[in-house]
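Visitor: Those protein sequences? They're chains A and B, same order as listed.
FYI, the UniProt record's numbering numbers position 258 of the first sequence as 258, with every residue one higher than the one before it.
FYI, the UniProt record's numbering numbers position 52 of the second sequence as 52, with every residue one higher than the one before it.
Read the hints as simulated data drawn from the structure, not as lab findings.
The calculated BS3-like cross-link candidates involving lysine-lysine, where the alpha carbons are at most 30 Å apart (straight line), are:
id	chain 1	residue 1	chain 2	residue 2
1	A	K96	A	K126
2	B	K155	A	K308
3	A	K155	B	K308
2 protein chains.
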Amino acid sequence: MTDFSELDTPAVLIDVDRVDANLKRVQYYADSHRLKLRPHIKTHKLPRFAKRAIDLGAIGITVQKLGEAEVMADAGITEIFMPYNIIGAAKLARLKALASRVNISVTADSEQTVAGLSATFADASKPLLVLVECDTGMGRCGVQSPAAAVALAQKIAASPGLRFGGLMTYPAAGLVEANAAWLAAAKQALADAGLPAPIVSNGGTPDIWRAHEVKAATEHRPGTYIYMDRFQVSKGVGGFADCALTVLATVVSRPTEDRAIIDAGSKALTSDTLGMAGFGLIEAYPDAVIVGLSEEHGTIDLSACATKPKIGEKIRIIPNHACVVSNLFATVTLISNGAVVETVPVAARGRVD
Amino acid sequence: MTDFSELDTPAVLIDVDRVDANLKRVQYYADSHRLKLRPHIKTHKLPRFAKRAIDLGAIGITVQKLGEAEVMADAGITEIFMPYNIIGAAKLARLKALASRVNISVTADSEQTVAGLSATFADASKPLLVLVECDTGMGRCGVQSPAAAVALAQKIAASPGLRFGGLMTYPAAGLVEANAAWLAAAKQALADAGLPAPIVSNGGTPDIWRAHEVKAATEHRPGTYIYMDRFQVSKGVGGFADCALTVLATVVSRPTEDRAIIDAGSKALTSDTLGMAGFGLIEAYPDAVIVGLSEEHGTIDLSACATKPKIGEKIRIIPNHACVVSNLFATVTLISNGAVVETVPVAARGRVD
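Looking at chain A on its own, in the form it has when it is part of the complex:
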């Protein structure tokens, strides 16, 4: 049995026991609140974990890009939600090809997106399910009011080749009440217009334990909950002991008493700070601060540490943001109780289109 500490660095370690515990904990929560789960695969990009979530009770998966949907469809996943405005001939053709082999649904927040989808699916054997994306506070995509949601829903319902699927939001973290009120108003407005929403899809991990407070929602799309990370811990979603993804790095230099340099930089940890100080938590040296990253070097301030790592020592880092780390590595190594289980390719890595 290989101990993970024998791996070359930098490497991504995934603790499969923590993965399973995280999946089960949220599935149990959702079940107990009669909320369906449609987990986002962006965090892990691995068909095996998508399937595991479904085995545990998820109703399907969420992806963000066509390339991710294609990888998951190739792996045998048949229920795929892609909450994105699909624009342009090339992507519409890929979407149509996907829809011929799996159940795929999408979102739209404009008449232009709806028009493109309808032109593509007008002659399809089954209609495409389209949800209206709602901006309930995030300030990203989405219609700006419940009235606009109704208008676009009517447009979808009237478009050849399309079927109105309901409402979708990616909410702003922390604004649970505002999100709940927005969706409730839109759901009511749709009912009043004689066009009830079959699905109301809410998302995100930061407020996962309050998902049941969004009464209008029929389902939730958490992503990061499977791995957790330093940001989610900062939001109180769980503890560091729940974090399943760590980056293994080697100390390659100790140029001064208070400085260590590791072989993991922005190409391993990314520059995502998500508003926090530092670029990750070093498990064995929690008082150390990763103060800077260049592409292949991480710079660590050890001034607050009682003991300090030596050159050649391997350290494990809980990154600020797990999803973007998954995207940087061709493979990840699954571990259980410190032993290597398997090294697997990150199948949907880098699928940006």
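Since the structure of chain A is already known, use the hints to place chain B on it.
Guide: Chain B in isolation, oriented as in the chain A frame:
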């Protein structure tokens, strides 16, 4: 002939005419100052551009990781400098294998690194060239004083299997005089100790036009100069018309009058700000500000724009940092006068170890 605007998005475009102009401009500068060039391939990660730089007069290439060296050696490049502390049995074995087929040199900033290199190369048929990495102001790796440089140089010179190659620094941007003084003092101290430095290797693009002021340097290792980017323009190294790498993205949503959402987020542009506001420059809308990135969405503030992009419109973005964008894409598309020349794999992408 395909126009680049027909490409699906997000896509990375490389203007090969600008690449050639950038390579020639810096080679001419270096030649005129009798400074050798050893360009860093981290920016492009493409064997073809490494070879082009050599054809134009560069004496070899610089890489940061063994994986990059392996890709470049496989492509036929024979002069490779890897300014990194190579630590651990797995990496030392790969280094030894590389040294058997190309001329590779490395750096060290500690006795531990030197000991590992010496143990590995003691029985090699030719000695490994090792330069002392110097911290001349960057605060990353490197010995902390000229006296420490001499001591480590003596250690290298006395170690079986190794040959002392000289000094190397990656300097802090803007601190040209301090860098020059540090290297001059170390070079003199080495000469005084009877151990002259054959190579003194300086690096970086931000101060490339002042490289000749670092009199002790025998060579320079610029990286980003080949593509340029928004950061280098902010430092005055060149203008936006010199930027060879752009990200082509599509406007997928216009949720409000002053907001556009594009299909390029942190998985295409990265979160690198390098101290600047915003995440890139939109060529056709220079008054637009890319105010936020999530993984697959870029959020743009259009409030200062007289004209505003429509849904479905493709825009070109000059990223803050070109090198990290190259690392995110499986392929890049070479263009010339707006026409597609070829789409090529980014051979050394994601080689983090």
